[in-house]
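K.L.:
Given next are the chains, with one letter for each unit.
There are 2 protein chains.
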Amino acid sequence: MSAFQLDERLGRDSDLLVRLGLCQLRLMNDGRWPWLILVPERADMSELYDLPMLDQQALTIEVNMVAAALRTITGAEKINVGALGNIVRQLHIHVVARKTGDANWPGPVWGFGTAEPYDDQSRAALTSKLLEALSA
Amino acid sequence: MSAFQLDERLGRDSDLLVRLGLCQLRLMNDGRWPWLILVPERADMSELYDLPMLDQQALTIEVNMVAAALRTITGAEKINVGALGNIVRQLHIHVVARKTGDANWPGPVWGFGTAEPYDDQSRAALTSKLLEALSA
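Read top to bottom, the protein sequences are chains A and B.
Per this note's numbering, the first sequence starts with residue 2, numbered consecutively.
Per this note's numbering, the second sequence starts with residue 2, numbered consecutively.
No lab work stands behind these hints, which were simulated from the structure alone.
Keep in mind that the hints are not guaranteed to be accurate.
Copies of the same chain look alike in the list, so a pair counts if it works inside one copy or between any two.
[As the list claims (entries may be wrong)] Straight-line Cα separation of at most 20 angstroms, EDC-like style, residue types lysine to aspartate or glutamate; simulated pairs: (1) Lys100 / Asp16; (2) Lys100 / Glu42; (3) Lys100 / Glu9; (4) Lys79 / Asp8; (5) Lys130 / Glu78; (6) Lys79 / Asp51; (7) Lys130 / Glu63; (8) Lys130 / Asp56; (9) Lys79 / Asp120; (10) Lys100 / Asp14; (11) Lys79 / Glu48; (12) Lys100 / Asp56; (13) Lys100 / Asp121; (14) Lys100 / Glu48; (15) Lys100 / Asp51; (16) Lys130 / Glu9; (17) Lys79 / Asp16; (18) Lys79 / Glu63; (19) Lys100 / Glu133; (20) Lys130 / Asp31; (21) Lys79 / Asp121; (22) Lys79 / Asp45; (23) Lys100 / Glu63; (24) Lys130 / Asp45; (25) Lys130 / Glu42; (26) Lys130 / Asp8.
Bear in mind the structure is a predicted one, so any value in this text is a computation, not a measurement.
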């Protein structure tokens with residue numbers, strides 16, 4: 002069994018915010034939507050059901066905690082949660098805040114247009130609000 | 002608290018295959034991809050985190066059971082799991098079998114093109130393989 006190593010593309014497209022119990026919580030560098038990913042720090046996982054049962058339960062808790070915090074701080078209409086992995090096979094779960102009129106609403110965020118990187122100030126503001134909400 | 006009633010659009014777009022412990026397991030009437038949805042039979046739920054904790058655990062188990070069965074019977078490269086709800090707010094979880102070269106690969110299935118309804122024979126064949134795999 003190999004050790005966990007973050008997929009290169011996930012590392013390039015997102016920044017680590019905090020380590021939760023199971024997952025790295027990372028911010029996608031795309032200011033079009035508040036878009037987080039959770040990456041379980043387990044090697045060789047691709048499908049949700051590849052995770053051992055206890056990890057599945059931890060993941061459920063972490064995803065829901067992050068989704069609730071993201072909705073609170075953004076006032077989003079809807080949180081989109083997805084585990085796709087058609088391009089990057091390392092298991093990762095998207096948690097995205099959506100609202101009427103955002104880019105590609107009501108369609109999905111995946112595969113739509115081109116990422117628009119954050120400026121430092123916007124990223125810092127979002128990050129600090131999120132970490133505060135998660136620790137509340 | 003109101004009683005669970007299936008959203009009209011979900012009812013129109015999909016057919017009930019079986020009731021699991023928590024969810025209705027339904028087949029989307031779109032033969033472009035083997036595409037299932039799970040609808041927790043709970044009233045007034047929109048986000049995953051709206052579910053009581055025990056229901057969240059049941060949902061995790063049911064989604065993973067269905068995803069594994071779907072992958073087995075289709076030989077898919079990747080299962081896509083998503084809870085979006087931008088259009089239909091009643092909580093429902095998509096479980097879709099994907100492979101290289103399918104419609105919109107490697108992009109998402111949501112919002113892409115127009116549904117292509119099954120013929121009776123194809124639907125019956127898929128349904129019976131799936132139910133067999135789920136009861137194995």
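K.L.:
Should Lys130 paired with Glu42 be assigned to within, between, both, or neither, using CA atoms and 20 angstroms as the limit?
P.N.:
neither (24 angstroms within a copy, 34 angstroms between copies)
K.L.:
With identical chains, the pair Lys79 and Asp51 could be close in the same copy or across copies; at 20 angstroms between alpha carbons, which is it: within, between, both, or neither?
P.N.:
between (28 angstroms within a copy, 12 angstroms between copies)
K.L.:
Treating 20 angstroms as the Cα threshold, decide for Lys100 and Asp51: within, between, both or neither.
P.N.:
Between copies, since 18 angstroms is at most 20 angstroms while 32 angstroms is not.
K.L.:
At most 20 angstroms between CA atoms: does that hold for Lys79 and Asp121 within a copy, between copies, both, or neither?
P.N.:
Neither, since 26 angstroms and 35 angstroms both go past 20 angstroms.
K.L.:
One pair to classify: Lys130 and Glu63, alpha carbons no more than 20 angstroms apart. Within, between, both, or neither?
P.N.:
within (17 angstroms within a copy, 34 angstroms between copies)
K.L.:
For Lys130 vs Asp8, is the C-alpha pair at or below 20 angstroms within one copy, between two copies, both, or neither?
P.N.:
Classified as neither; 27 angstroms inside a copy, 35 angstroms across copies.
K.L.:
Within, between, both or neither: how does the pair Lys130, Glu9 come out at a Cα-Cα threshold of 20 angstroms?
P.N.:
neither (27 angstroms within a copy, 37 angstroms between copies)
K.L.:
Using 20 angstroms as the alpha-carbon threshold, which applies to Lys130 and Glu78: within, between, both, or neither?
P.N.:
Only inside one copy: Lys130 and Glu78 sit 18 angstroms apart there, 38 angstroms across copies, limit 20 angstroms.
K.L.:
For Lys79 and Asp120, with the copy left unspecified, which applies at a CA distance of at most 20 angstroms: within, between, both, or neither?
P.N.:
For Lys79 and Asp120, neither the intra-copy (25 angstroms) nor the inter-copy (34 angstroms) Cα distance is at most 20 angstroms.
K.L.:
Evaluate Lys100 and Glu48 at a C-alpha cut-off of 20 angstroms and name the case that applies: within, between, both or neither.
P.N.:
between (28 angstroms within a copy, 14 angstroms between copies)
K.L.:
When Cα atoms must be at most 20 angstroms apart, do Lys79 and Glu63 count as within-copy, between-copy, both, or neither?
P.N.:
Cα proximity of Lys79 and Glu63: one copy only (18 angstroms, versus 23 angstroms across).
K.L.:
Given a CA cutoff of 20 angstroms, do Lys79 and Glu48 count as a within-copy pair, a between-copy pair, both, or neither?
P.N.:
Intra 24 angstroms, inter 8 angstroms, cutoff 20 angstroms: inter-copy only.
In this structure, the earlier hints numbered 1, 2, 3, 8, 9, 10, 12, 13, 16, 17, 19, 21, 23, 24, 25 and 26 are contradicted, and the remaining ones agree with it.
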